[in-house]
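**Student:** The lines below spell out each chain.
There are 2 protein chains.
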Amino acid sequence: MSTLVLKFGGTSVATTKLIESAAKIVKSEYDKNNNIVVVVSAMSGTTNSLIDHVNSIDFNDDSEYDLVVSSGEQITAGLMSLALKKLNVPARSWLGWQIPIITRGQHRNAFIDKIVPDGIVNDFKEKKVAVVAGFQGISSEERITTIGRGGSDNTAVFLAAAVAAERCDIYTDVDGVYTSDPKMTDKVRRLDKISYEEMIEMASQGAKVLQTTSVESAMNHDVNVNVRSTFNPSDEGTQISNDVSNETRAVTGVAYSKDEAKITIIDVEDKPGVAAEIFKELASSSVNVDMIVQNNFIERKMTNITFTVPMTDLKKSLGVLEELKKRIVYSKVLDEQNLSKVSIIGSGMRNQPGIAAKMFDCLSNNNINIEVISTSEIKISVLIDRNKTESAVNALHSVFNLDKI
Amino acid sequence: MSTLVLKFGGTSVATTKLIESAAKIVKSEYDKNNNIVVVVSAMSGTTNSLIDHVNSIDFNDDSEYDLVVSSGEQITAGLMSLALKKLNVPARSWLGWQIPIITRGQHRNAFIDKIVPDGIVNDFKEKKVAVVAGFQGISSEERITTIGRGGSDNTAVFLAAAVAAERCDIYTDVDGVYTSDPKMTDKVRRLDKISYEEMIEMASQGAKVLQTTSVESAMNHDVNVNVRSTFNPSDEGTQISNDVSNETRAVTGVAYSKDEAKITIIDVEDKPGVAAEIFKELASSSVNVDMIVQNNFIERKMTNITFTVPMTDLKKSLGVLEELKKRIVYSKVLDEQNLSKVSIIGSGMRNQPGIAAKMFDCLSNNNINIEVISTSEIKISVLIDRNKTESAVNALHSVFNLDKI
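If you read the sequences in order, they're chains A and B. Final position of the first sequence in my numbering is 405; the numbers increase by one with none missing. Final position of the second sequence in my numbering is 1405; the numbers increase by one with none missing.
These are computed hints drawn from the structure, not numbers from a lab. All residues carry an ideal CB built from backbone N, CA and C; glycine is no exception. Treat the hints with care, as some may be off.
Among chain A residues calculated to face chain B with C-beta under 7 Å, some are [to be verified]:
hint: 1; residue: 16
hint: 2; residue: 18
hint: 3; residue: 45
hint: 4; residue: 49
hint: 5; residue: 51
hint: 6; residue: 53
hint: 7; residue: 56
hint: 8; residue: 57
hint: 9; residue: 59
hint: 10; residue: 62
hint: 11; residue: 67
hint: 12; residue: 83
hint: 13; residue: 204
hint: 14; residue: 287
hint: 15; residue: 358
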């Protein structure tokens, strides 16, 4: 007998008909004599309409926001339990406070501190499926919290750790993780396996199937995650775990993000602490700085500092720099919009030299100019003209042998 | 400093704009230095759409029903707190389980057993308004319950008792309790005061402004209830309490219900226990029997038993009687549809003789035939042809001096 966590996203439970279909998937795993925890998101559209209600009152209070918005998952939990019972699968719903899923941190962006799964585990003895409302928990003040980014996926991963589940299946509207975005190239392949690290890089570089936070939680708790399609449940999807032998492939996927802006500060006084001051100031204004490059001109005691930010943060960033002019010396600030970041990701590049050179060569052969480069152990990102995104993704996808044959 | 409970019904909080208007009413009471508990219903339409979701799955489980449906009041509680804070009124939302409002009995039809208002009363010290989600509580199994008929009105009345409130204001879409239904006669007057007993009879005889259960709770807990209009808050509405001097009026109101059916069992064997057996059987089939009349023909040792049921229960009742034919002796069953029950209600009739005669005389003068009569201490009801309902209500309203001058 195994214990499984099955999580269904918003599009998988968008209507009561779809909830009944998802219940059939649960039943098929239940009938194999597994202990089952089901985690559900809000029905697609519900969360947005609840947020609209909150926004229309136009007063910010995150604890009341959490109370209102968490009702979406509450509704699905009740409906999923009904759908399971209709199939003769014993079930009961659990809200965050009932389990409890204890959270810390700020309302609306809380994080899971501790789950006490005793009630759920007790129900396993009666062969009862636990249907858990995702995305929510309870604070030390006994108020309802929501857990921000990663939401219900994170609930599923933490529950899988708490009940020592063999597997955490994330059911969604795609059938797994792909080598790249199918919208950019029709040669994408579905990956059968991917490592946590690779998945984290894929997610943070633009792949939308899972939030970075959830994959990090899975890695930290050693939870085997499968990304699977609700609409094709016989397919096993993509397995995310440590147990991946990547010796044969240097690159696992190509990711991109299209809303990048580049800022260059020209002729910054080159003395210790200046860069720190700049980026501290940006961070305290919640600007999400990504790639950073610094070119020193030693003879002139000056330096240029270049970095990228999401387009949405550009205006705020320029304001911060204008303000900083009172304290640090520089000649001017240049900004450039309409840029994309394209990244290749793969654990295999640790063992294979020359991957970066091959990437740059490929882009150059396709007349794509590189503005900024940044690298990590298992990722190389380049900033390019946004109009070239598609051709860059396609060219890299081919040159690293990711194309479907 | 007084403590007030203010309850807003579904039409009073149907949109976020209306919630903001209701919050202004709360603020005006708060600014008079009162401790305030606000009880909210679900936004009009929300409960029905949640019930539709549950029904579409077509499996009956009352605990999951409660989980889903209670989210409606949860949403309003959060939005009302936001609206109050926007007006600089300190507030926090409370769900049934957070207070707690402890219930007993069946899911979906639970009743309030105990309220522990310590958290709310503590918040009074910080001048904080408690915004309570109506209609819900928590069972001894720590699951969410809903409290059936009377719903949020009942929550308000019980909270008023728990915090020893001076007043419980029920804000709704009408400005109080009327002498009769404005749809039937344009001569209706709004009552400034009415006794609990009278209000209970008015509600159970067809007046829809409050559920009988809520008024009974108010009477049992000695809670002063005011029925007031959200859309005209400067008006004080109708006050329901024991403190009513009715010496001058014999009749307080005229109520009616249009969906009555009459059943007569002809030539029932007249021996002890027969009537008991009939009505026990009907009750165990959940038929709601109302007026009962029995005519004995002593010389024949036979009797006719007549009673009324709601139209919706007619078919079921006839089935029960058919089944009973195996055990009791009678010749046949007659049924008559298209009947109305018209009632005059007033504590004053206790001290004034001749009220019944005056009623029957009035109806006779208007060519309205009486089929069945039933009376209580403060109420006289007659069953008449449904087509005569309006003229009966109008005639009685006039003859008992209820008309607006």
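**Student:** Going through the numbered hints above, which ones does this structure break? Give me the numbers in ascending order.
**Tutor:** 2, 3, 4, 5, 10, 13, 14 and 15
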